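Got chain A sorted already, so can you dock chain B onto it with the hints?
There are 2 protein chains.
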Amino acid sequence: MKIVIGSDHAAFDAKTKLITFLENRKISIVDVGTSSEQRCDYPIFAAAVCQKVLEEKILGIVLCGSGIGVSMVANRFSGIRAALCRSVEDARLSRQHNNANVLCMGGRSSSQEDINSMAMEWLASFFEGGRHSGRLALFDSLGVSPEDLKS
Amino acid sequence: MKIVIGSDHAAFDAKTKLITFLENRKISIVDVGTSSEQRCDYPIFAAAVCQKVLEEKILGIVLCGSGIGVSMVANRFSGIRAALCRSVEDARLSRQHNNANVLCMGGRSSSQEDINSMAMEWLASFFEGGRHSGRLALFDSLGVSPEDLKS
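Protein chains in written order, with my numbering: chain A, 1465 to 1615; chain B, 1465 to 1615.
It is possible that part of the hints are untrue.
Identical copies look the same in the list; a pair holds intra-copy or inter-copy alike.
[Unchecked claim] Subject to a maximum C-alpha distance of 25 Å in a straight line, what follows is the list of computed SDA-like cross-link-like pairs (lysine to any residue):
#1 1516 to 1600
#2 1490 to 1551
#3 1490 to 1556
#4 1490 to 1596
#5 1516 to 1601
#6 1466 to 1520
Since the hints were derived computationally from the structure, they do not count as laboratory data. Nothing here was measured: the structure is a model prediction, and the numbers come from that model.
In isolation and in its complexed conformation, chain A is listed as follows (with noise of 0.2 Å):
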């Protein structure tokens, strides 16, 4: 399994230590950066993030501070499905009900123990299908306007 990951200065730590333990089992990844603590802008980790998802058909991790600035960029791209997450539990819906290709974490808000459990029971859930694939087909046809909802 092939995933890429990314972060802004406020998560470096956690994205480095994440990487590790997703390694440690065999989990392949590409890292897009940010390569330090200074200070950088996360639209542009979460951009290159989103990027390597929509290209290779894989899915992404991406954190900063809160998580809330990566999942507000991660959700403009059409195509991305970026699930800000907090807990275990959270993790295993987003895959269930929402078929999130993109998972997003803050630093700053969960604990490193947090971050790898969340990580991990991400990558082992599956999309349930049913009715949330008719909720899916609703807002991915949604454009950048709203005016597409009047037609």
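Chain B in isolation, oriented as in the chain A frame:
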């Protein structure tokens, strides 16, 4: 102050109680539904809230079971910055740092007390600007395609 609120069936009860709580504090509410606990699809109500936020330049609140689904949908809209919050600190930071104009919460993942407190904190907090403005400009300029990043 006027705001718009919506939810799916899973958060109908939480939405109803939140509306009463806010109206008791002299906040004027536009409720776009849903109007019962009958099963419905969260994208419809997330989109209706976003449409009103964009048209009237007001703040919006949208809830589903976890808050994850509605945050995915809301962030698809250009001009929307939707923050999934689970704590009062999340609510404050999402206004201060991300200038969120939509607050997403989970009727099943947060207590009613937390939902009410997050809403009040969020409505009382303001964007800090500064370095955060550059980040918002950066991701606000992102389109729905990662190709945009290459140009």
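How the hints compare with the structure:
no., hint, in the structure
1, 1516 to 1600, "both (21 Å within a copy, 22 Å between copies)"
2, 1490 to 1551, "within (23 Å within a copy, 34 Å between copies)"
3, 1490 to 1556, "within (20 Å within a copy, 39 Å between copies)"
4, 1490 to 1596, "neither (31 Å within a copy, 37 Å between copies)"
5, 1516 to 1601, "both (22 Å within a copy, 22 Å between copies)"
6, 1466 to 1520, "within (10 Å within a copy, 44 Å between copies)"
Hint check: a violation occurs at hint 4 only; the rest are consistent with the structure.
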